[in-house]
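J.: Residue numbers (full-length UniProt numbering), protein chains in the order written: chain A, 1 to 111; chain B, 1 to 309.
Just to be clear, a hint being listed does not mean it is correct.
Covered stretches of chain A (chain B as the covering partner; in silico rule of three or more C-beta atoms under 8 Å from a C-beta of chain B) [stated by the list, open to error]:
#	region
1	55–68
2	95–107
Capping the alpha-carbon separation at 27 Å, the derived lysine-lysine pairs in DSS-like fashion look like this [claimed, not checked]:
#	chain 1	residue 1	chain 2	residue 2
3	A	LYS61	B	LYS277
4	A	LYS76	B	LYS251
5	A	LYS96	B	LYS142
6	A	LYS61	B	LYS5
7	B	LYS246	B	LYS297
8	B	LYS251	B	LYS297
9	B	LYS221	B	LYS259
10	A	LYS61	B	LYS283
Going by beta-carbon spacing under 8 Å, a handful of chain B positions derived as facing chain A [said to hold, decoys possible]:
#	residue
11	ARG19
12	ARG60
13	GLY62
14	ALA95
15	ILE128
16	LEU132
17	ALA155
18	GLU156
19	VAL181
20	ASN190
21	TYR233
22	TRP285
Quick caveat, the hints were computed from the structure, so don't treat them as lab data. Keep in mind it's a predicted model, so treat the numbers as computed, not measured. Just so you know, even glycine gets a beta-carbon here, dropped at the ideal spot from N, CA and C.
For reference, the chains in residue letters:
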Amino acid sequence: MASKALISLSTILLIHSCYSAHEHSLLTPTTSLPLDVAIETVVSVVLLCFGIVLGNREELKPISWSVWSGLMEREKGCGQFGYLEERVGFLDIRAKRAEFEKWVKGAEEGS
Amino acid sequence: MGILKLLLSYLSIHPSPLRNPSTSLHLSQQAPAFLSSSESAKDTQETWLIYEQLLLSCLRTGDDNSARLCLQRLSDRFGVDSARVKALTGLYDEATSRSRGELEAVLQRYQDILKEDPTNMPIEKRRISLLLSLGRTEGAIKALTSLLSHSPNDAESWAHLSSLYFTQRLYPQSIFCLEEVLLILPNAYNIFARIGEVTYISASAGASNADQIEAFEEAIKYFARSVELSEWYLRGWYGLKLVTGKLIQAKPSDGTLGKMESLNQLATEKLVQIVSKFRRNVKGWTGFDEAEVLAAKDLIDRDEQKISR
Numbered sequence: 001m002a003s004k005a006l007i008s009l010s011t012i013l014l015i016h017s018c019y020s021a022h023e024h025s026l027l028t029p030t031t032s033l034p035l036d037v038a039i040e041t042v043v044s045v046v047l048l049c050f051g052i053v054l055g056n057r058e059e060l061k062p063i064s065w066s067v068w069s070g071l072m073e074r075e076k077g078c079g080q081f082g083y084l085e086e087r088v089g090f091l092d093i094r095a096k097r098a099e100f101e102k103w104v105k106g107a108e109e110g111s
Numbered sequence: 001m002g003i004l005k006l007l008l009s010y011l012s013i014h015p016s017p018l019r020n021p022s023t024s025l026h027l028s029q030q031a032p033a034f035l036s037s038s039e040s041a042k043d044t045q046e047t048w049l050i051y052e053q054l055l056l057s058c059l060r061t062g063d064d065n066s067a068r069l070c071l072q073r074l075s076d077r078f079g080v081d082s083a084r085v086k087a088l089t090g091l092y093d094e095a096t097s098r099s100r101g102e103l104e105a106v107l108q109r110y111q112d113i114l115k116e117d118p119t120n121m122p123i124e125k126r127r128i129s130l131l132l133s134l135g136r137t138e139g140a141i142k143a144l145t146s147l148l149s150h151s152p153n154d155a156e157s158w159a160h161l162s163s164l165y166f167t168q169r170l171y172p173q174s175i176f177c178l179e180e181v182l183l184i185l186p187n188a189y190n191i192f193a194r195i196g197e198v199t200y201i202s203a204s205a206g207a208s209n210a211d212q213i214e215a216f217e218e219a220i221k222y223f224a225r226s227v228e229l230s231e232w233y234l235r236g237w238y239g240l241k242l243v244t245g246k247l248i249q250a251k252p253s254d255g256t257l258g259k260m261e262s263l264n265q266l267a268t269e270k271l272v273q274i275v276s277k278f279r280r281n282v283k284g285w286t287g288f289d290e291a292e293v294l295a296a297k298d299l300i301d302r303d304e305q306k307i308s309r
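Excised from the complex, chain B in its bound form:
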């Protein structure tokens, strides 16, 4: 099998190689072989996709030489003025900066580009993430809100703004942004689960008892919707089990107790199935995040202890 095919099949099994270090490492180790092979000269859509992924992985693992070569070929093909190549070049400059001064220079370059072309979305996004990386969260939020005011149908930006608000503990704003994502992508089950999580966290952080129960019920609705849209969404089931468990503990006086218990039981069954199949390495069940599975196991064990006590 040629290296191009090998990389493509690897990417189809691991669609987001940046999520954990080992997949990035694997990809970047393939980079020199791919770059020196004859297949790297093919001008197909797939080849350029591979180039972009390799560039990101190599930057992450510190293989700057391969990264520079990828970037060089991308800019030869698409021109240095292409918005996407400009953003990737910026990314390369950020990654290889050694001092704060160099980063400030990169930021200044972004601002110059934006002065010429204020609608350059990829560069605007780079500027925002660089601001964030330099610790200027407030500036980043301001820039992101203005970006969203001129292009309000960019789901990625709404999701990012939500996470920024979340780090500032502005939970209602964070939920608002997630709801905007849902307006654009009504099937995004992970966003439903995320709203459930943020609702749960904000209710746990403060609020009186009655408000808390109301918020928990709200969170349950979101978790339930997320697992309705994706039957093996671990985080959805986890949230459902956690929050229904809390509500059962609070012993609601109205007739919702039975419903909560059956929901809790259903979530437990699903989680037990996920944990046991993941641990036995059953084919088709190995995609879960290991840390998330461990957390699910923890939750199940804690619950069992409570019952046996």
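Just chain A, same shape as in the assembly:
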């Protein structure tokens, strides 16, 4: 909610500053842009950035590689390089099937 309000406010400011700059260039083409218009532009852009970042629904990922890969390990048990151990291209499907059958049998006996 806060992010939406911030985005709309900053968008209005940005449009306003663009309009002011346009009017200024029409009225007095020779002088440089007034300071307040420049300030308004910068402030609106900064606010817009904040609004967009605040509105991000997804969780931000850690910046540090080790923290991030540690997170993957403990949450999913599989990091970015898990495929090097799984090696689906070399999948021995018959062994996997046999393993599965054994697992099902074991679960039935256990229950």
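Chain A is already provided as a structure; the job is to place chain B on it using the hints.
T.: For chain B alone, kept in the frame of chain A given last:
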């Protein structure tokens, strides 16, 4: 929530469903519902990813009917001549073969395909794994080395070759292959830990006392690098604790004892934290492999007994 979304979120929580039987079973149980739903007709990247995963899971759990349907739709979409579909078809044929003769026929088909197109990597990989499955390890290693000589930047193949050498107890060759993987993927922390493990195992298998200590120190470096790259990598911490424990027992005369003890303590702290949080099912700590956590607990307990004695 639609079934497509359900499957996608399941896959994002369990990125490798083939690792243990229960996740494969869960996926394959969803397969008939997905295949008969209207969402299965969507032509998006995600749908085809789901098809491939379902195919693998169904083959594993023996649901051959759903598997055939998945394969059928994949080949309708991408054509039977696509390299990936060809490999999946081969996989299906392997899984449903009933006798050795049928498997030999599949192998012959792979060889025919390769004669026409020697650069078909997925089929070459299938041929190698079928050779292995038939017990011809030597042939598989030969084929894999020749594959790597024409495409040396395939990390998966290097990792596989390493594991083949490992089963033959050719430890130096196995380590060499893992180092090749590191050249391609310098951040692969699990490969660092694996080198540590192989170094440790090969040193434990033979070698004189002095050589052994040197190898253990080498292994520690690799384990330390792996946990440096991933702060909760259980196998890295496990190896670090195990090998530093061995070195402390050997009582090195040079000034490394203090360093070993502090490393050992750090690894113990991390492992204790992992074990206790995993057992209490703390959110965000449930991804570890249960057997690995049990092994870590065992190691901690053994160490405590030694101290109390």
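J.: Please go over all the hints and tell whether each is borne out by the structure.
T.: Verification of the supplied hints:
no.: 1; hint: 55–68; in the structure: holds (count 3)
no.: 2; hint: 95–107; in the structure: holds (count 8)
no.: 3; hint: A:LYS61 - B:LYS277; in the structure: holds (22 Å)
no.: 4; hint: A:LYS76 - B:LYS251; in the structure: violated (39 Å)
no.: 5; hint: A:LYS96 - B:LYS142; in the structure: holds (24 Å)
no.: 6; hint: A:LYS61 - B:LYS5; in the structure: holds (22 Å)
no.: 7; hint: B:LYS246 - B:LYS297; in the structure: holds (17 Å)
no.: 8; hint: B:LYS251 - B:LYS297; in the structure: holds (25 Å)
no.: 9; hint: B:LYS221 - B:LYS259; in the structure: holds (12 Å)
no.: 10; hint: A:LYS61 - B:LYS283; in the structure: holds (17 Å)
no.: 11; hint: ARG19; in the structure: holds (7 Å)
no.: 12; hint: ARG60; in the structure: holds (5 Å)
no.: 13; hint: GLY62; in the structure: holds (6 Å)
no.: 14; hint: ALA95; in the structure: holds (4 Å)
no.: 15; hint: ILE128; in the structure: holds (7 Å)
no.: 16; hint: LEU132; in the structure: holds (7 Å)
no.: 17; hint: ALA155; in the structure: holds (6 Å)
no.: 18; hint: GLU156; in the structure: holds (5 Å)
no.: 19; hint: VAL181; in the structure: holds (7 Å)
no.: 20; hint: ASN190; in the structure: holds (5 Å)
no.: 21; hint: TYR233; in the structure: holds (5 Å)
no.: 22; hint: TRP285; in the structure: holds (5 Å)
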